[in-house]
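A.B. asks: What follows is the residue order along each chain.
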Amino acid sequence: MKQPYGAMLFADAAHKVGHSPFPMPAATLSQAYVNPLGMRLGQCTFCGFCDKFGCGNYAKSSPQTCVLPALMRFPNFSVRTESEVLRINLDSTGRRATSVTYIDTSGEEWEQPGDLILLCAFSFFNVELMLHSKIGTPYDPRTGQGVVGRNYAYQTVSGVNIIFKDKILNPFIAAGASGMMVDDYNGDNFDHSNLGFVGGGYMGATQTGARPISTRPVPVGTAKWGSEWKKATAETYRKALTLAVHGSCYSYRDCFLDLDPTYKDRFGRPLMRMTFDFHNNELKMSDYLTNCLADIARAMKPTEIAVDPRKGPYTVTIYQSTHNTGGTAMGTDPTTSVVNRYCQSWDVSNVFIPGGASVFPQNHGYNPTDTVGALAFWTANAITTEYLKSPGPLVQA
Amino acid sequence: MTCARSLWMRVAALVTALLITRAAAAADLQSFETVARGRYLAVAADCAACHTKPGGKLFAGGVALDTPFGTLVGPNITPDSNAGIGAWTDDEFVAALHDGRGRGGIRLFPAMPYPAYTKMTRGDALAIRAYLQTVEPVPDKIEPDQLPFPLSIRLNMAVWNALNFKPGRLKPDPSKPAEWNRGRYLVDALGHCGTCHTPKTSLGADNDSSYLQGAVLQGWFAPNITADSRKGIGGWSVDQLVSYLKTGVNVDAIATGGMTEEIVHSSSKMTDDDLKAIAVYLKSLVPERESVSAALAASDPRMVAGQAIYKDNCAACHTDAGTGTSGLFARLAGSHTVQSDDPTTLIRVVLKGSRGAGTAGAPTAPAMPSFGWRLTDAQVASVLTYTRNSWGNAASRISANQVNSIKARLASSSN
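So the protein sequences, as listed, match chains Y and H.
According to my numbering, the first sequence is numbered sequentially starting from 11.
According to my numbering, the second sequence is numbered sequentially starting from 237.
Bound conformation, chain H alone (with noise of 0.2 Å):
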């Protein structure tokens, strides 16, 4: 009894703070609190990543982002009143941002992570609007919708949301602390993480059973964030995730893909409390069952075979051990990115080479080489099978087949 009260109380004094808040907020968009808060809110969301071109102007548009279904690019959304979105009034910026919807009502397409803004409180969205209406204007016009006919019909995205769109703020868990419920925001509906790592359906639409179980996207595989201890960052702690996070390296870990713009653009310029926020919720997202392997035979011949190339291609910055060196060269052993079950991101680096992320915590962005040149498929395939399988990694065998294949997916795309 004295506990539903109290629930309801919260809940009651919740309710009027939210409309102190909103009426704050209306009465006051133009204040610097305001504009300087949605500045941060605007780098956890990440909106640079595709409304700003490598060395373009700040939210100018025109970043190409290739889907499975075509190519689409983000808009201007500088306060330029016809290029941009500076005629728009802060409701139908809120509509784009909670249902998917520009101005006039036309439908976006989701590469726009509607599905995840939607969950943002209007109090964080007026305030990003008010941040954005101060950057400089700019004119261009960008035609964002460059899909093929039929998908691009706009239109078309009615039947998409009623599919596969749930509009609803997120709705504060009161069983938790506040510091896991502000590390669920940030994950669900500001950082957008799952529009990478949740795997998706045949229509774009995200795998909820899949939840941040991992997905490949623009040649890499976005890994499993769960805290799955071999194939999630469950190995990791809180410490460790807020490090990476923060600099895009850690004791075993160096960024590689998408993730290290993630890092310069938006986490690395986070507060040391939401990252940390951030890490503890994901760390609470324990798997019901532990994903099990059983490491291949170190006599087996692809080992034997993968041992000798490791051993004159990798061991010098790796280290016969795995171990790697801290913040320049990755850890092998126990290495998610190493044992998942996609190995596109493991094949690639290896064929292409890699390049971590450069912060102000760690500038160096340390590089590996391409060894796709000097090793043949079947030798690549080696080598990935025996640091999959080896200093206590249990993973799938890599054929040449695969990554041929990763090979071929490579040289025609531009990722």
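So that you can see chain Y by itself, here it is in the shape it has in the complex (with noise of 0.2 Å):
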């Protein structure tokens, strides 16, 4: 991928901090591929709108540009879209699941059998799922027993804003996963002696568009509204670009689902509700880290810094990451675990959560899709490879 103007400006920066800055992976095409399915994707133009927008280019190497359509053509393969799983039914014996019974947008449920039960859903809802089914001993955070919902973990995310006077960053011009990183202050990448905190995170130039409405920076102290914060708009607009930090996230006691007492979905189930808030651990790293990063953007000279390192406590309405982790987490005893590590639910052996986030026993430092991607063929290849010939418990506890 080519980098924009601003992420170049952090490497040469990084370098002279005595980092070692590189072009964060990006599942983005840099040129026009025929992937191995006959699926063409095309070139990506850098129009900033790759997160949170599906892509016209066919550059982002998503499941609907790279297979759902080579997979429509099996025989075997069907859809049922605008659909919504609300169960996995299970035998009498509670140990083998039969079927799913899903709902449709006229509100009819249907029973869909199946011999082989796969979660492919966000991690919150595989969650939710499990626990809606029953399959599995829900975590109580009193007792410290049961599984379900247990390891939930949220992302450390921290940032530094700069502006320059000079310098026209045009930030509107990116991908999803542009941008240069430094990964020296991940996990154990550096030294932790006296730094009174565990993990890390990596850091970079990975602002992924300067979309309108959205993105409005402006120096510190201006009016908050007014022509005074519209002129402040449009001449820092252009100049302005956000470093952020990744940081990695424990997973503690008191922070886990549940299903909510009190509040019901649309269907009259109850709730899923996440109890969490950062603890000092994440609180330091994060302060350290955004640091750290400060010192790099300094060097990029700009006219004005922010640095904004996260703070206590965790707030739902301001939006700092989609990356939640654990729930249903991977491990190897069934009184701490929810699946084996073939993501295979040690209770019921016929169902699999084949790499959603929600198996991650902690959020580790960087963002997970590539380790979900990774787990999703670990998986498969132990289902055809393993289980289809003996179906059964593919590890015994």
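No wet-lab data here; the hints were simulated from the structure.
If you're wondering where the values come from, they're calculated on a predicted model, not measured in any experiment.
Please note that a few of the clues may not be correct.
What the hints assert, rightly or not - Distance ranges between label pairs, derived from CB positions:
id, chain 1, residue 1, chain 2, residue 2, range
1, Y, C130, H, E372, 34 to 40 Å
2, Y, T243, H, A603, 34 to 40 Å
3, Y, T325, H, K293, 53 to 59 Å
4, H, G597, Y, F87, 17 to 23 Å
5, Y, K241, H, R610, 53 to 59 Å
6, Y, T108, H, E415, 40 to 46 Å
As the list claims (entries may be wrong) - Reference listing, derived: stretches of chain Y covered by chain H, where coverage requires no fewer than 3 residues with Cβ under 8 Å from a Cβ of chain H:
id, region
7, 48-55
8, 230-237
The beta carbon of each residue, even a glycine, is placed where N, CA and C say it ideally should be.
Could you use the hints to bring the two separately framed chains together as a complex?
C.D. replies: Next comes the structure, spelled out in structure tokens:
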């Protein structure tokens, strides 16, 4: 991928400060490509509408671009759009799944039988389906017993905003994962002596665009509205850049997902409830890494810099990250995990959760998608080479 | 002398071969080979296009065809003895294909392409019949004739046939290679390409003097598929034509409109040899005179406006040089659709967008979005005038009125 101007300025500065910046890995096409399924992908045009939107250039490696049209040609493939699975149904022993019940837009419920059921929803919904289907024991934070909903973690994201006087960055030129990053403060890549925390994260110039309305940087102290604000917005828009830290988040006993005792969803089922706050370890980590990022930012010689480490308490009202993990954690012990190393339910062996981020036991210092994809291949391989030959638990508890 | 004698011997051999083939066919219409051949021929003749509703049962009919004269519905041709054609004799079936006469002699409307199928060999017609007898019988009655009176009177077709219909099998041209003859047979008899690609007279018959030179139907312009290098397929190699027919895309083009259905249901399932034969035949249809056009000057105000609109709306996919992306975004430079005299398809695609064909060889079926909601008629006219006269292209300018009339036609049509 070519790099936007702001990312190159960051990389130069990071080099000067002694780091090793490199292009962020991106599942975005730098040139036209035909994949092994015959699917054709186009070249990214850096339109800046990658996250939150589909790609009109067929340049984003999403399932509908890379896989689904090829899959739909198989006579034994069918898909129910605009339908939602409500629960997985078990046989009388509770040890085997027999079908799923789903609802369509007319409100009608259908039962789809299956020998093998794969939960491939977003991580929250995987957890919710396990709870509604009563597969595995729900986690109880008072006793520490139970597993479903355990190990929930968020991502610790923070930023450094900079404004230049004379550099036109045109930050709207960007892709969903374009940018230069530094990985020198991730995991054990740096010395944690006397820092008072564990974990870390990656950092860099990873701004995915500067879409109208949502992007309106102004210098600190600018009026919040009116003609002064408008003037500052117009002057600053092309000269501002956000640098970010995507940091790890450990799982804690008091952070979990469960079914709400009060509130119901539109089907009358209990809503799923998230109980979460940042802990000191994450806030210390964020403070340290955000200031390390600020050192690089200062080397970019901006006219203004605003350092914004993550502060507690957690609030749901400000978007920080989509990267929620855990709730159906993978592990070696059925008393502390929901699935085994092949993403197979300990309790109902014909249910797999092949790679949802819900199987992560912790939120590590990288975005989850690559690991999710790898686990999907890992699980598919275990199913086709082992499970289908002899259905049953692939790991003995 | 030698030549004449050898020709005579070849004809005699051919007659003998035909007699043997016919006897063998009559003897064994149930054979797997005949049924399998009939299945392939039914694909090449694209029977399903009119006789299988999308999502419906195979050959149970019900596809509505909009003709300039009114609506006709493809009938049930499954072997059901009441609703389908199971009770027909072989000769009745062959008469439908060869003479446009249904059971009991009733006259078919030429939406059934019997003016093309009349060119099919009796052996091939019988093989199709043998295959059709093997599909699931469906008891749904279909009334094909939904034309307004007096067009609905089938006897009218006696007059139409007398004026327009030339019954008779296609005679191979012994001066041409077998591949060329096979190609012509596939194009003219089975594939009935002229049904869409040859302009029609006011009576709806093929205008033979403009054979395969392009025609408007169902809100699309089925392009010129002769070898004219600007307006036809002359700029494509045999391999590019084969790729287009097999996968719906080639290095330059993405199929649109009715051709996507043809590719998905018919040509993508044909053998490479047959597709190559079609390509060789079409490439041989070289016009006596190549069409010529002078490009508008880049300084023309509409070209200047068009270039700016193109840059903002089109270049992200089709590129500044009009090269597109192979198999994904159509190449506009040199495109015969872009430069065609009749801009129906061009205007329509900009106004409504389009989707390509999804095939085994190219499953993506790339789509172009609609621009009708964000460009004015004058803007569409300017940007098309620009694309028709840039990168070596040359064609007449498009007016806002042309855009408006296509828009009105699209709004009032189900196509």
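A.B. asks: Are there three or more residues in the region 48-55 of chain Y whose C-beta lies closer than 8 Å to some C-beta of chain H?
C.D. replies: This one holds; 7 residues, not fewer than the three required, reach chain H with a Cβ under 8 Å.
A.B. asks: Are K241 of chain Y and R610 of chain H spaced within 53 to 59 Å by their CB atoms?
C.D. replies: With a Cβ separation near 30 Å, K241 of chain Y and R610 of chain H fall outside 53 to 59 Å, so the hint is violated.
A.B. asks: Quick one: are C130 of chain Y and E372 of chain H within 34 to 40 Å, going by C-beta?
C.D. replies: Roughly 35 Å apart at Cβ, these two residues keep to the hinted range, so it holds.
A.B. asks: Using C-beta distances, would you say chain H covers the region 230-237 of chain Y, given that this needs three or more residues below 8 Å?
C.D. replies: violated (count 0)
A.B. asks: A range of 53 to 59 Å was offered for this pair. Does it hold for the Cβ distance of T325 of chain Y and K293 of chain H?
C.D. replies: Holds, at about 57 Å.
A.B. asks: Cβ-Cβ distance between T108 of chain Y and E415 of chain H: within 40 to 46 Å?
C.D. replies: 58 Å Cβ-Cβ, so the 40 to 46 Å window is violated.
A.B. asks: In this structure, is the beta-carbon distance linking T243 of chain Y and A603 of chain H contained in 34 to 40 Å?
C.D. replies: holds, 36 Å
A.B. asks: Between the beta carbons of G597 of chain H and F87 of chain Y, is the distance compatible with 17 to 23 Å?
C.D. replies: holds, 18 Å
Comparing the model with each earlier hint shows violations of hints 5, 6 and 8; every other hint is respected.
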